[in-house]
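As you go down the protein sequences, you meet chains L and Y in turn.
Residue numbering for the first sequence is 1 to 157, as defined by our numbering.
Residue numbering for the second sequence is 1 to 481, as defined by our numbering.
The hints are simulated quantities; they were obtained by calculation from the structure and are not laboratory data.
This one's a predicted model, so the numbers in the text were calculated from it and none came from an experiment.
Any given hint could turn out to be false.
As the list claims (entries may be wrong) - Calculated pairs, SDA-like style, for lysine to any residue (alpha carbon to alpha carbon, straight line, at most 25 Å):
{"#": "1", "chain 1": "L", "residue 1": "K126", "chain 2": "Y", "residue 2": "Y290"}
{"#": "2", "chain 1": "L", "residue 1": "K126", "chain 2": "Y", "residue 2": "D345"}
{"#": "3", "chain 1": "L", "residue 1": "K126", "chain 2": "Y", "residue 2": "E107"}
{"#": "4", "chain 1": "L", "residue 1": "K126", "chain 2": "Y", "residue 2": "A41"}
{"#": "5", "chain 1": "L", "residue 1": "K111", "chain 2": "L", "residue 2": "D123"}
{"#": "6", "chain 1": "L", "residue 1": "K126", "chain 2": "Y", "residue 2": "A426"}
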Amino acid sequence: MTNGNIEILLVEDNVDDVELAVRALRREKLANDITVARDGEEALDVIFCRGAHAGRSFQYPPRVVLLDLKLPKVQGLDVLKAIKSDPRTKAIPVVIMTSSREERDLVDSYKLGVNAYVQKPVDFEKFRSMVKDLGLFWVVINQAPPPKAFEPNDQGQ
Amino acid sequence: MASTIKAKLTWTSAMVTSIALLVAGSAFVGHYVYSYRASVARNLVVQANTIALNAVPALRFDDPESADETLSALGADRNIISAAISRPDGTPFASYTGTDSGGRRLELNHPIVSEGEQLGTVHLAFSLEELYGDVARYAQIATVVLVLSVAVAMLAARGIQRSIVRPVARLADAARAVSQEQNYAVRVQPTGGNDELGLLVDTFNEMLARIQAREAEVDAGNQRYERLTEELEQRVTQRTAELESTNKELEAFTYSVSHDLRAPLRRIDGFAQLLVDEYNAELPDEARHYLSRVRDGTRQMGLLVDDLLNLARLGRQDVRLQVAGLSSIVQRVTTSLQRDLEGRDIEWQIQPLPFVECDPSLIEVVFTNLLSNAVKYTRPRAHAVIKVGSIEQNGHPVIYVRDNGVGFSMKYADKLFGVFQRLHRAEDFEGTGVGLATVQRILHKHAGTIWAEAELDKGACFYFTLGAIPEARPTVSDQNA
């Protein structure tokens, strides 16, 4: 893991899914740095700069977090909640990328402040095009939040 | 009632006693008066004869003194008021006067005849005071006897009351208890007699015993019925709860299976695609063909899983009713279908459709399925005709979607709406066999129904209702199809 700028944090427990997603992203050459967290706890370590990622800085948050909902240890929704309830991480764009299309999951995610919610299609072509669109949008098109957006004292107005 | 019977009995006995005594007394007194008078008359005639015989010499010898002597002998009879003898010319010859107390009397004139010659007449007056004194006494006695008899008769009636009125009163009390309180346990105390009243009481008691037994049977039957009903209700509640929980489990299972099936499918499809992408040049044609088969399979399974998910979701979804125009729903569906209709010649005949109470999002699913089916199964037609309309049946609209496609044999009509049931081969017409099952489930959730009519190679017509099931199933003539 680098200590520098993480462009995409992929939180996904299944190796196959990780491989397919990473390949799709790499093919489009959209992301130079993709970090993978294999469970919710690891994802929180990366985002909150602790554990194996203690050397990281809040100054360099991921450009986008692609978050699965079904995760070992800490569930995806809990990871989302942790990110969105801490002023230091609140501005990080989080995209739920899951197999679930259940209304409940959608409602909960949006209520917790998710930035986008996509369902992974079965068809790999469609999956690839979806991943490409996501990468293009969040890494290239979207204006990343400036450092000030992560300053705690700026939130209390 | 008892009091009137009592009074009637008392009065009856008093009247009967009085009438009997009066009749008997009157007859007795009448007979006494008649025979008294008859005996007095007889006696007077005898005395007159005697006087006449004794008076003959006195008259012949004109000796009034001896005649007076003869008459004075009558003094022995207190009841002789007066006696006289007169000559034939009516002049008095001799007379006797006794005590006259006034009142009623009996008088007799008797001729004095000797040797065919009337010498004079004897006059006798007899007092009937003794007789009427007797009659008055008898009347007094009779009155006393009458009063005593009536009193005795009334006392006797009280005894009779005991044997008649009391059982009747008890019968009346028992009858009241039965009719007002439905108390069939009461019994009338038996009279112990063999008379009609005893029989009546016995019969009444027997009848009560029978009613009581019948009542007990009915009660037992009712209790059994209530127990059974309760058991049944409990069983129904239990079964319903079981069914609901099974249904929920089934839906949760379907959902979870459908959901978890997607992930491995995506992996299979993904790696197959990567294989094609990265080793395309090195793969023999046959391997590429197999890989495309693998991908077709996964794609088909993906569709199945999606449809199954939708169907499962429908089971849990509440129907949100509102009044919606079916025309605009059909409009939306046909617009979205038209995107995939390149190269097809389809004539849409869409009649104005009614506004109905429904969940518009669900009814859109219904039309999407029915219309995409119509589009699909008219594919072999150079000129396809798809007609949507509505007909009225018992005041309720019946919506139909008709096409001139390949149709199906009515033999298999019952399989149309089953999950995964297909009437066409997959290579002819793609599909998962979930669409019509979904449609049916949506319509059932609207308390509606769906049915179809078709002929192989001539087209099909699907009819559905919302909210009311028509008694008869109307059909649309195929003049336009």
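Against the structure, the hints come out as follows:
1. Distance hint between L:K126 and Y:Y290 is fulfilled; the C-alpha atoms sit about 21 Å from each other, no more than 25 Å.
2. Distance hint between L:K126 and Y:D345 is unfulfilled; the C-alpha atoms sit about 30 Å from each other, more than 25 Å.
3. For the suggested pair L:K126 and Y:E107, the alpha carbons sit about 163 Å apart, so the restraint of at most 25 Å is broken.
4. Distance hint between L:K126 and Y:A41 is unfulfilled; the C-alpha atoms sit about 160 Å from each other, more than 25 Å.
5. Only pairs whose Cα atoms come within 25 Å are accepted, and L:K111 paired with L:D123 is rejected, the gap being roughly 29 Å.
6. Only pairs whose Cα atoms come within 25 Å are accepted, and L:K126 paired with Y:A426 is accepted, the gap being roughly 23 Å.
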